[in-house]
Structures are given as C-alpha cells and as structure tokens.
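Novice: Fit chain B to the known structure of chain A by using the hints.
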Amino acid sequence: MSERAILERAGQATQPMVRAQDVRKSFQDTEVLKGISLEVQTSEVMCLVGPSGSGKSTFLRCINHLEAVDGGRLYVDGTLVGYDERDGRLHELHPRRAAAQRRDIGMVFQRFNLFPHMTALGNITEAPVRVRKDSRRAATEHGRELLERVGLGGHASSYPSQLSGGQQQRVAIARALAMRPKLMLFDEPTSALDPELVGEVLDVMRSLAESGMTMIVVTHEMGFAREVGDHLVFMDDGVVVEAGSPRSVLTDPQHERTRSFLSKVL
Amino acid sequence: MPRGDSRQPAAPGDERIHAVRLPRPGRWVAAAVIIGLLALFLYSAATNSAYQWSTYLQYLLDRRISQAALITIQLTVIAMAIALVVGVASAVMRLSDNPVLSGVAWLYIWIFRGTPVYVQLVFWGLLTSIYQQVDVGIPFVVQFTQLDTESWLTPFSAAVIGLGLNQGAYTAEIIRAGVSSVDDGQREASVALGMSWAQTTRRVIFPQAMRVIIPPFGNEFIGMLKTTSLVIAVPFTGDLYTQSQQIAAVLYRPIPLLLVASTWYLAITTLLMIGQHYLEKRFSRGVAGTGAQARNGSTAAEEPAELPITDGR
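Top to bottom, those sequences are chains A and B.
So my numbering is basically just the index in the first sequence, starting at one, shifted up by 1.
So my numbering is basically just the index in the second sequence, starting at one, shifted up by 850.
For reference, chain A alone in the conformation it holds in the complex (with noise of 0.2 Å):
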C-alpha cells in the first residue's frame, strides 16, 4: 500500500494521461493485440498508423473500454481502465462506473456516427444534459461555442442528413467536446470522407491540438501526423513495430515492415 502511494505521489507530476502495459485482446481464436505497451503524457498528440486489420482500431477501442482487454493493463490518467483491482485480483466494474469512465474520453468515429434524429446542437448538448446533468441553457451555450469553433455557427438547427461530411465529422468532434474531456480518441476520422473535405476536418484537430488536448489519433494522413503529432507508432499484426518521433520514423523508418508501409502510402 505504501509502496503504491509513494509510486503515485512520485508519478504525479509525470503521470501519462494513457499508459499501456502489454496490452492483450482476442477476437474468438485471433488474437488482435499481441502485447501493446505506450504511454502518452497530457496534451500530446500520438498518431497511430499501420495497415487495415493491425489492431490500431481496436487498441483505440480498448482505451474507453467499449472492447474489453484480455491481458495486461491500461490506465487513463492513473485509472485503471475497465476493471477495479483488488486483492490482486480484477473485477469488472458495474457498467455505471464503466460509463463514469468514459465520459472524460471524447472519441470520433470514422463514419461520424452522428444521431440522424437530432439537429447539429441536439447532438451536441444530448450527453452534457442527460450524463453530466448540465443545465439545457449552459449545454446550449457550449454547443454553440463549440459549433462555432469547428466553424459551423450557421448550422446549429441542421440535421446530420443536411450535412456534408465534412460538416458532420466537425459536429462529431463538437459533441466529443461538449462532454469537456480530457482525452480525445480519432479513429480514422477522415477516412470516410471526400478528398476535398478531408482538409477542414483535419484543421479542426489541428486547432484541438494547439490548444493542448491530448490526442490519440488512427489515421492515414501522413502529412497530418507529420506536423501536428508528437510521437508516430507504427503498428503492424498486433504488435508495435516502431515508435518515434514523427518526422524520424517517417523520414528514417528502421524496420523493413515500416519501410515497405510507408512506401505505399507516402
């Protein structure tokens, strides 16, 4: 017990906002991540790239626990994710607390996933209200803040379907937002997205990042990882295969696997 507290008064100053350690899971017989271990410290912003089916979206998933880890641990800003420990053993947490969780971790799906039958705001200010008991009149204050930060002030009363999707994915990101989380999650965010819209979604984030956010993004936009990240991990079947600085593995990749990647999508 002493031991533990000392370990987290010394980690406090540094504590990362996510560490992973050996991280596990299995789909039925296939196992998807094979032992991923990574830390990000508070308002860094790690990009996450690798081939279809490496496991980076699920690694994504695990981190807000909407899949559950079979091995090994991952903390979010100190707390372990998914599970209590006690007595050496883990238990599953009441879905309750599981949810107490995740409303501190925005998270933006590749297909956006707005609600179709809410306006832009609506979708914005749902959780505020329902989850953290906001008053209807400050959500809607923030969401219109929000809205107006990923530029769409005028489009408050829209509903996803009168969206491009551009439009969408920056709604999505403003309802990620409204909850005033502490970690955002992008998978894939631009991937569903025409060429030419990918742009505004990627200044959002951009803008998200200056401002400090901690960010753990999946994606495919090597220029965007480029500038805007701060660590780059490659992942290949499961595992890490380097991690690094982005401009160094980018530009100086060690692993033939990073190489012959990179050389496809560059």
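Misleading hints may appear alongside valid ones.
To be verified - If you want the ones that stay clear, here's a sample from chain A, every Cβ over 10 Å from chain B, calculated:
1) Phe28
2) Gly36
3) Glu45
4) Asp85
5) Gly107
6) Gly152
As the list claims (entries may be wrong) - Quick look at which bits of chain A chain B covers, simulated, 3 or more residues with Cβ under 8 Å:
7) 123-132
8) 159-171
To be clear, the hints were calculated from the coordinates, so they are not data collected in a lab.
No residue lacks a Cβ here, since even glycine has one placed at the ideal position from N, Cα and C.
Specialist: Quick look at chain B alone, frame taken from chain A:
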C-alpha cells in the same frame, strides 16, 4: 458558337422547356373502362333491393351500433396497449444475453404466434373454469387471500387479454426488427459519450427504431380493429360486428347491417391511418427526404424543431 447563337437567349438554362407531351391513349382507355365498370356497379348497388339502403340508413347511426363501435375501439386500443408492453418486454428479453430470458421470450412468441387467435380467445373464455380460484400468498406456505377468477376475468377483460397477448408476439418481432435495424455505431457513439444502457435505448436507439416500427405496427393496429370481430369466441358480444349481427338477426336483414358495420370499421380505420401518418412524420425527422427540402430552404424554417432546446431557460 456559330449562327444558332442569335436565336438562343442569353443563357440556355434561363428558358424552361415547353415540349409537346407524348400522347398516351392507353391510359385514357384504361381509365374510361374502369370508370365505366365502377359506374355500372354503383348503379346496380343503388337499384338492387337486396342492399336495403333504407335499413342501412336507419341503423347507420343507431345508438346500439355507435355504442358497439366505441367498445370495439376500446378493445382495440387496450389490446394494442397490452401488445406494446408485452412486445417491448419480449423483444428486450429476446435481445438479451441471458439464455433463460431469451428462451422464455422465444417460447412465448412461438406459442402465441403459432396458434390461431380464435382458439386462444376460446381458451381465455374457458380460463375461469380451468382456474376457478387463485391463491395469493407464498406457495405451499401462507395463503393471504383467495380470488374468484369469475369475478375479475369478465368476458371483456378475457377478450382484451386474449387479443393483446396474441398480438404481443407479433409486436415483439416488429420491435426486435426495428431495434436491429439501427446501426450499431449509434449505440457505440452513445456509450462512448458516457450514456447508460437505458439512456442509449431511450434517447438514441428507440427514436430511430420507431421509424421502422411504426408502419408495420400501424398495420397491426388496423388489423386488430378487425380481429376484434372474433371476440364472440370468448364469448363477448359487445363489439361492433356481433352487435350488428344481433340486430340483423331480429330484423332478418343481414346485408344492410353488414354494410353498417363495414362503414364503421372503415371510418375508424381512416382515423387510425391519419394518426399513423402524423406519427410517421414525427419520427422521420432528420431523415433524408424531409431534410432535403429544409436544406434548400432557409434555416429559419427549421427553427421550430429546435424549440425544445432553447425552451428550458
């Protein structure tokens, strides 16, 4: 752009095309034939004495008939309310991971969908003789009170329960299909925001499932209105069809009273269809089609949809 240019207006898109319409003689012939046949039928109906239109008019607004229509509406609405509650519960149970819950729901649907509603109604009518008394208490230990089934299971309630439980099996499947039709990404997005299972279901899944559920459920509602004519199996005799036939039996004039009953059924169905139309409209918010108009129009036109949000100040 050679000579043709002078004949064209400034921009070719400015002038609307006024083409000579393609003649479609087949349409006119078909319409004429159908209208002719319809007119002949109406003429024969008006002149054929078997229809006894004077009797029809005399009993159309008869108090016994309008009372029976009211009871038929009550049967329909209460039975559908039971069906909805039972249907939602069994749909949730069937979608549950718990094998006992989903198994029980499957069994219920299997039995109640697999036997005729008429047979079920007869059974519910006989329930009072199968179970004459119901003990309330802890089985084999204490008995608090004993209920006489005859006193609370009236023919009306037996009819309503019979219709409702039968319909519930169909409704469960409609709701299950509706819930399954909602993209799993919706649930994920909601859960990722920290919403609970109940909040996700009520605020995200349910409103979208409704779009798929309402058309078949409206159908079933209209179907139920007509299925109430089977309640004589219980036997319950207060419904529209049975009442009209009882009047007919006294008068020895079945045909005009069949027409009277049909007129009432049609009128009620029409009301239900109007209600369904508005429900469908309510739950199609944000779906492409209704949205397309709003996109071209001003955003001001969309403002009312936002009222509930600004209202709460």
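Novice: Where does the structure disagree with the numbered hints, that is, which hint numbers, in rising order?
Specialist: The structure conflicts with hint 5 only, although it agrees with all the remaining ones.
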